[in-house]
Structure formats: structure tokens, C-alpha cells
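Chain residues, written in single-letter form:
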Amino acid sequence: MEAPLALLIGLLTGVATWLMLSRNLIRLLLGFAVLGNAVNLLIFTAGRLTRDVPPIVPAGAQAIEGAFANPLPQALVLTAIVIGFGLLAFALVLAWQAYVRLGTIRTDEMREAEPPEEAKP
Amino acid sequence: MSSLILRAATRVLAPMMLMLSLFLLWRGHNLPGGGFIGGLVATSAIALQGIAFGPEAARRTLVLPPAVIAGIGLAAALVATLPAGLAALPFFTGLWLKLDLGDGATLPLSTPLLFDIGVFLVVIGGVCAILLALEEDPETDPTEQP
Amino acid sequence: MSGWYAVAPLIVAVAAAAATTLAHAAPRTQRALSLGGAFALLLAAVALMDAVWRGGMIVVQSSNWAAPFGITLAVDTFGAVMTLIAAITGAACLTFAIPEIEERHRRAWFHPLSHVLLLGVCGAFITGDLFNLYVWFEVMLIASFGLMTIGGTKAQTDGAVKYVSLNLVATLLFLLAVGLLYGMTGTLNYADLARTIPTVGNTGVLTAAAMLLMAAFGMKAAVFPLFFWLPAAYHTPLVSVSAVFAGLLTKVGVYALIRAFTLLFTHDVGWTHQILLWVSGLTMITGVLGAAAQSEMRRILSWHIISQIGYMVMGLALYTPLAIVGSVFYLVHHIVVKANLFLIAGVAARLAGSMELKKIGGLYRAAPLLGVLFFIPAFSLAGFPPLSGFWAKLILVRAALEDREWWIAAAALVTGLLTIYSMTKIWGEAFWKPHPRGDGAAAPLAAAPAAMLAPIVALAACTIAIGLFAQPFWIVAERAAAELLDPAAYAAAVLGRLP
Chain A
136 MEAPLALLIG LLTGVATWLM LSRNLIRLLL GFAVLGNAVN LLIFTAGRLT
186 RDVPPIVPAG AQAIEGAFAN PLPQALVLTA IVIGFGLLAF ALVLAWQAYV
236 RLGTIRTDEM REAEPPEEAK P
Chain B
192 MSSLILRAAT RVLAPMMLML SLFLLWRGHN LPGGGFIGGL VATSAIALQG
242 IAFGPEAARR TLVLPPAVIA GIGLAAALVA TLPAGLAALP FFTGLWLKLD
292 LGDGATLPLS TPLLFDIGVF LVVIGGVCAI LLALEEDPET DPTEQP
Chain C
49 MSGWYAVAPL IVAVAAAAAT TLAHAAPRTQ RALSLGGAFA LLLAAVALMD
99 AVWRGGMIVV QSSNWAAPFG ITLAVDTFGA VMTLIAAITG AACLTFAIPE
149 IEERHRRAWF HPLSHVLLLG VCGAFITGDL FNLYVWFEVM LIASFGLMTI
199 GGTKAQTDGA VKYVSLNLVA TLLFLLAVGL LYGMTGTLNY ADLARTIPTV
249 GNTGVLTAAA MLLMAAFGMK AAVFPLFFWL PAAYHTPLVS VSAVFAGLLT
299 KVGVYALIRA FTLLFTHDVG WTHQILLWVS GLTMITGVLG AAAQSEMRRI
349 LSWHIISQIG YMVMGLALYT PLAIVGSVFY LVHHIVVKAN LFLIAGVAAR
399 LAGSMELKKI GGLYRAAPLL GVLFFIPAFS LAGFPPLSGF WAKLILVRAA
449 LEDREWWIAA AALVTGLLTI YSMTKIWGEA FWKPHPRGDG AAAPLAAAPA
499 AMLAPIVALA ACTIAIGLFA QPFWIVAERA AAELLDPAAY AAAVLGRLP
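Residue numbers (my numbering), protein chains in the order written: chain A, 136 to 256; chain B, 192 to 337; chain C, 49 to 547.
Chain A with its partners taken away, still in its complex shape (with noise of 0.2 Å):
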């Protein structure tokens, strides 16, 4: 099952890099959002797959019996799409406030931070 996932995750990379080379804000933001599923799906895979049980003690007993699942990737990957989900969040907004302040979502004409021409040397 590994190498089925990894052409997938090689194929989201691409995917993404294409996004995130755009001018447009929100196809970086797009292309973030992809980057952040391979790279959740690359750690996964990472863990390595198994048809097992999943990782759950049952009721009265101390351990799992048998081969279970590995539930560290699952919960980095947990972690890792929360914070994901928050930073999309937050980038999402911003494009928002720079759309309403700047006017324009492209980013090769966000220019306001930047010198203004005539006093460069």
C-alpha cells in the first residue's frame, strides 16, 4: 500500500507547487492547503501501514493483544491538521483584509511595504 500513497503524495506535492507559484493569493493559499495534506498523508505513510486494530485498550483488560495499529502518526497527524486548519484560517483572513485594504488579491501588485521606486540608488 506504500507505494500507491507515495505517487499520491509525489502528485499533491506537484499539484501544490504549481498552486503556490501562482501570483494569486488565494491559489497560494490553495496550494498550502494541499502541501499540508501530502505532508500529513507523507507522515502517515511514515508510521507505516498496517491492517490492524485500531490502538484502543478494551473495557477491563490492561493492553491490546495482538499486533494494533501505530497511533503516534495518527496523532501527529491530528496535531499537525488542527494547526494546519488554523493557520489556513488565519491566511484566509488576512487575504480577505488585503483584498478590502489593498484592493487587489494579486501579490506582484502588493507593493505598500515596499520602497517607492524613486528612492532606490
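Everything labelled a hint here was simulated from the structure, so no lab data went into it.
Hints are not guaranteed to be accurate.
[Claimed, not checked] These stretches of chain B come out as covered by chain C in the derived footprint (C-beta under 8 Å, 3 or more residues):
hint, region
1, 252-263
2, 268-281
[Said to hold, decoys possible] Quick list of simulated restraints, FRET-style, between CB atoms:
hint, chain 1, residue 1, chain 2, residue 2, range
3, C, Leu461, B, Ala278, 33 to 41 Å
4, A, Leu213, B, Glu247, 27 to 35 Å
5, C, Leu461, A, Ile161, 42 to 50 Å
6, B, Ser301, A, Arg186, 30 to 38 Å
All residues carry an ideal CB built from backbone N, CA and C; glycine is no exception.
Take the given structure of chain A and dock chains B and C to it, following the hints.
Frame of chain A; chains B and C shown alone:
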């Protein structure tokens, strides 16, 4: 958006989602669920309210400003980490208090539950703040023309 | 129970963030809580430094989960020094902020966000786990996003877009490296990684993960060629915000680089550290040349952050005991000096009316004392004896010469010279030349609130103290460096002795 269908549906759905969120929060420690998921479900209810009746209605439903809710959650989560110190255990160690309710029933209260409630509130506060920021016009510097 | 010393800064920062949030409706209470929180953090950091200095490394297995299964917090001398210096910067900048921020800035959650930022920074210095480091980075990042846009000007929005976009990419690179490393070693605990990495057979993939981490941390640290977000954004926010950013945020990146390339990736020093050496040289030179082309105070200072980062990375890249001492010493000196320069720029702009050098002048005549206060960090930055920067540069250049890396020593010295050029430019334009709107256009120093001057004086005193009494600081840096170069001892402190 002011659609009669949406408003009517929201009146029924939002309270149910809020109750579901509490249920998810409560069962979260040993079963799928938890503060984060519960918080997101509750936030969806608030967001639905915001879409159907406008951001002002959503703010009224929250009662407190979103960031204050997040602050209460942060404080709750912090308090949950401290009792371990009284028991001379490392930071964050989970402690359980089993209350005997009589008739053989016990109510297990724990620091992880308090922490989860903190997470629940932080998620509601944080995500609602962002959602409301998206629904309302951004504040700009009064000295500049947009 | 010594573990609680390591946790105390985090508890204080969370408590301050929560308390300032809850007191949002009461401005005076909120301000008092915010200041109180900043100084409580300082106390906690002093206590931590003291405990680490006397008792050695502090390790906390949070939730009582044994390492490497739980989240480990581990503070060695380096971590404690960085926490202390972060707390000093935080206290100074929050004091400065009291008169600076207006009601609408306060209402945009300035105080809670500041404490969350300090929480993230301290957490990054205290943790002993790579994934936990990622989490602290993000805490810091989210707070910095919020702080950067307080005020809502067009320039801020523009700067924030660039800052946010590039930092989002860095975040994912970090996570990618974490994923690869986890796949290879099955652990993310620093100490466990330090033990497991030498046993990994496929050093090629290991180096790939190392390079990804280098890129991710390098972007946070603003090294060549990943620094473009910094000069695009650091001159736009409030002065107290940009001073905290300038002092601390990039240095967290440097800290992570030092941690990763002393503790984790020492399997192929000839390759990784050689790249770091080139990166450091180019960072120094491009940073200082970039500064020479600017005409706005905070932009000049922002470019200088980049060039100074080069020095710190240079010490790491040389990877000799003396060079690491130099890096640690440089970090401490630089945070104090750079935060102070941003604060002084803030006061100068307040007195003279602008950050733009063309539009101001006459500050020496109006406020001679500010000139003196400017001279201390500015000359320290350039490396004049007997200020702190002199010793920092001396150690690093000496380490380079001992290692026979002539060109990097030359680059460091040339960068120092060019730094003087930029500092004299600020001096000549802002202080010496008459104000373009005539005499009296620049206000005297008395016009600046005392709460703004106090942190400047305090930080300047730190700079002088490090310069005149370098010996104790040298001893601390030496011990920090010795610990950094002994990963086995770190692993043993966290995991116990090998059977």
C-alpha cells in the same frame, strides 16, 4: 443570506448540534470524540446561526466575545496541569477523582476532562473569532483611506 | 520537583495570556496583568537559569509518560540562557509598549497575543521533542501573525501577506522533515533521535531530512537565500512588536539550527556544516549590503538582523568548541542589542516624526542623550571594544582563524566594517544633519514617555555589562557549548544511561 428554509432549519439544527458537541466532549477521553471535535461541532452550530441570521445573532448566541471564551478555555487547560504538582508528580500527569453517587454509580472527574473542556472552549473561541472576522469588514487604520 | 522550574515559564506565560484575555474589558487591569506577567516570566526564567546552573540539565517527562513515549521537556544551559534572554526582551518590549499602543491596538488583543508569542518562544527553548518544537513554532507563528497586523495599515497588510506566505511554506518543510525522520527512526524525541540516528544505515535519506530541516529552520532564521520575508515585513508593525520580532523570532530559528546540527545531525559534518558555512558567509555579506541600500531606519536594522544571523550560523558551521561558544555568546549579545536598536528607532521616529531618514534630522541637537543611547548598541553591533559585540566577534573570528577558514574570517571582518557604514548613516541622517523642517522640528527627549526610555536604558546597561564583565558570560557560554558538543550526555540525561 436570508432564506426561510435555512432559518427554520437552523432553529432546529443549532441546538441539536450544541448538544451533540457536549456529548462528544463528554465521551472523548476513552472513545472517539473529545474537546477538539466537540468544539468544532459547536462552532458549526454558531456558524450556521451566523449564516442564517447574520453575525450579530451569532455573537448574541455566544454571549461572551469569542476571545474571552478562548481565554476561559486557556485558563481551564492551565488549571488542569497543576494538580499534579500537589501530588508531587510531573507536570500534566492525569489525576482522577471518583465521586460516589450512591447506588454503586460513580462519577469519574479527571484533570484530562478539565483539559478537554479547556480545549473545547479554546476551539469555540478561536474558530468563531476567525469566522466572525470573515463575515464582518476588517478594521482599518483610521488615518488611511482604503 | 526540580522539573517545575522548567515548566514555570510556560505556566506563567499561559496564565498571563489567559488573564489578559479575561481582563480585556478593563484596560487598566489588563495593562497591569500584562506587565506583571512579563516580569513574572522574567522571574521564572531567572529561577530556571539558577536551577540549571546549579543542578545541571532539567528533564521533565510531562504527564509522567517515560521518554521517548511522552513529550519530554529538557532544559540544558543553552536552553535556560535563551529562555532568560527571551524573558528579558519580553519584559523590555512590553514596558515600551505601555505608552506606545493606543486603545484600538489594545482592543486588537495586543497583550494576550504578546504573551502567547512569548509562550511559543519559551516553549521552543524548553522542549526536548522535535514534534513539540513544531507545535511551539506554530504557537509563536500564529501569535506573530496576529501581532503583525495590529493597526491595520496598508503597509502592514502587505508585509503580513509576505511574512505569512513564506512562513507557511517553512512550516510545511519542517513537517515534511519530521515525517521523513519519523519514518527512518520511529522516534521524534531529541535524545532518542541522537541515539538512533547514528544507527540509520541509509545516510542519504538522513541527509535529505537534515537539509529539509536546515531549509525550514533557515527560513525562520532568515539566512541566505531564504530571508526575503524579513525585510518585507519587519518595518511595518508597531515598534514594540517589531522589537520583539527582531530580537527573538529569527533567533528561535538559529536556536533550532544549533540544536539540530549539534545534537541530531552530526553524521556527515563535512557536508552539512560546509553548506552552513557557505550560507553563513553569504548571509553576512548580502545582509549588510542590503542594509547599505536602505533609507528607512527599521529597514536598515532589519537587513542587519540578516547579516548578524550569518555570524551565529558561522559559529555553528565551524563546529569547534570555541566557535560554538562564539555562537552562543553572539546570540545573547545580539538579542539585547537588536531589540534595543528597534526601540531606539521607535523613540527617534516619535521625536523627529518619521522612520524615513530623508524626512528627519536634528536629533542630536534636540535630544543628545538619545544619541548616547543609540551609540551603545550601534557600536556594539559593529563590534567596537569594549562593548558586547566586540567579544562576540572576536571569539568567532578567532575560531575561524584557528580552523584555517580564512575567507569566512575575512567576510566577518568586512561585514563588521560595512555595519559601521550603516550605523554612521543613521547617525548622520537622523542625529547629525539638521531637520529638513528646520530647528525645533525634532522634539527633546523629555517628550518621550519614561516607560519608553527605561527599557532602552536597561538594555543598554546589559550591553555594557556584557562588554565590561565578559568573563561570567564567557563561562556560561563555554558550559553551554560544552553541553551542546556532548550529545551522549544529553541523551543520557533524558533516557538514562545505556545498559
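- Structure-inconsistent hints, enumerated in ascending order: Number 3 only.
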